[in-house]
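Asks: Given only the sequences and the hints, what does the whole structure look like? Please build it.
Counted from 1, the sequence shown has number 23 at position 23 by the working numbering; the numbering is strictly sequential.
The set of hints was computed from the structure by calculation and includes no laboratory data. Glycine included, C-beta positions come from ideal geometry on N, C-alpha and C. One should not assume that every hint holds.
Label-pair restraints from in silico Cβ distances [as the list claims (entries may be wrong)]:
#: 1; residue 1: D73; residue 2: R172; range: 41 to 47 angstroms
#: 2; residue 1: P94; residue 2: E250; range: 25 to 31 angstroms
#: 3; residue 1: G97; residue 2: Y344; range: 16 to 22 angstroms
#: 4; residue 1: E194; residue 2: Q92; range: 24 to 30 angstroms
#: 5; residue 1: K165; residue 2: P195; range: 22 to 28 angstroms
#: 6; residue 1: R40; residue 2: H236; range: 28 to 34 angstroms
#: 7; residue 1: A58; residue 2: A197; range: 22 to 28 angstroms
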Amino acid sequence: MLLRSLTPARLSSWTPSSVSNGLKRMAARRRGLCASASGRPTWQQTMLRIRDPKESVAHYQERYGMRLVDKLDFPDMKFSLYFLASVKNGVQTPEPGTKEAHQFLWNFPGTTLELTHNWGTEEAESGVAYHPGNEKGDGFGHIAFACDDVYEASEELLSSGVDFKKKPDEGRMKGLAFAYDPDSYWVEIVKNPEPLADKGYNKFTLAQTMLRVKDPKASLKFYMDHMGMSLVREKHFDDFSLYFLATVAEGETGPDPGNPVLELTHNHGTEADPEFKHNTGNEDGKKGFGHVGFLVDDVYAKCEELEKAGYKLKKEPDGGSMKGLAFALDPDGYWVEIIKRGGYDDAATPYFS
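Replies: Next up, the structure:
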């Protein structure tokens with residue numbers, strides 16, 4: 001959902017006075033007055049596992065106007081990655097799979113949808129079906145696209161054969177909708193606050209990724225202090241709250257429509273339960289959503305910073321066969337990929353052997 005803007009007074013309604021300095025930093029960062037986190041981190045990807053790339057890539061291209069900006073194949077490990085983005089009209093993108101496309105991808109200032117295909121899952125006999133989330137205990141909720149008119153867009157999607165979880169006038173929350181993608185991931189359809197054409201975009205832009213969090217104070221600290229995100233909106237209900245974070249360019253007061261928000265959903269009371277935890281999307285039998293990823297100037301320095309701050313690494317930069325990239329764990333255990341901006345060679349390869 002796209003909701004009203006943050007004010008420090010509303011934020012303080014749930015935050016103890018002992019962290020008032022943190023409130024000031026949050027408000028300052030939103031106004032563009034605060035220095036960015038070290039290493040210039042920018043949110044670059046949300047990863048979903050898919051069963052059939054022909055079906056899923058075409059779905060996001062044809063239904064939501066996304067552009068395939070790059071494709072990476074890993075024959076030794078038998079998987080491929082497809083990176084799609086909402087790109088402004090008139091912006092030329094290289095042929096996917098080329099050196100130029102790699103350079104474009106790993107310097108891209110916006111956020112991509114990374115679709116991961118493990119070879120063979122497209123075969124019916126494979127029996128693979130990824131978990132789309134939204135069952136009891138699941139952390140990942142949905143991705144979303146913004147448009148000018150939710151009703152018109154939903155009608156067009158319905159007429160093209162897209163199935164819906166919720167149509168715009170169903171349920172209590174009118175004017176927003178949830179569609180299904182080919183793997184049954186939920187795709188929210190929301191109204192953009194201003195005409196997308198005025199900003200140079202077509203009918204849809206990638207608008208959000210929603211993750212449920214146990215403790216919003218801990219999650220906001222991680223993504224704001226260490227991953228350079230700004231808190232741009234919040235909304236409180238009786239039993240849950242929503243916090244919207246974005247990568248905001250220096251000097252700007254809000255994200256470009258092509259840069260989505262990370263929607264953190266907090267169900268009140270979970271922060272007080274020491275046993276509570278969400279499924280992160282990487283457990284056996286629950287695999288679907290994989291991670292979010294950030295570009296940074298120096299992967300090693302960012303990982304050292306995170307470890308000093310008490311965060312754990314799932315993969316250290318020099319671990320495994322792909323050196324130079326890492327995975328950190330956020331306060332809920334979600335995987336956060338940390339990738340070198342521009343890569344390590346003239347083809348912008350973000351790892352080395």
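Asks: Each hint needs a verdict: does it hold in this structure or not?
Replies: Right, here's what the structure says about each hint:
1. Between D73 and R172 the CB atoms are about 45 angstroms apart, so this pair conforms to the stated range of 41 to 47 angstroms.
2. The supplied range of 25 to 31 angstroms is met by P94 and E250, whose beta-carbon atoms lie about 26 angstroms from each other.
3. The hinted window of 16 to 22 angstroms between G97 and Y344 holds, with their beta carbons roughly 19 angstroms apart.
4. Taken as a hint, the range 24 to 30 angstroms holds for the pair E194 and Q92, whose Cβ atoms sit roughly 25 angstroms apart.
5. The hinted range of 22 to 28 angstroms is satisfied by K165 and P195, whose Cβ atoms lie roughly 27 angstroms apart.
6. Between R40 and H236 the beta carbon distance is about 32 angstroms. The supplied range of 28 to 34 angstroms therefore holds.
7. Between A58 and A197 the Cβ separation comes to about 24 angstroms, which falls inside the hinted range of 22 to 28 angstroms.
Of the numbered hints listed earlier, not one is contradicted by the structure.
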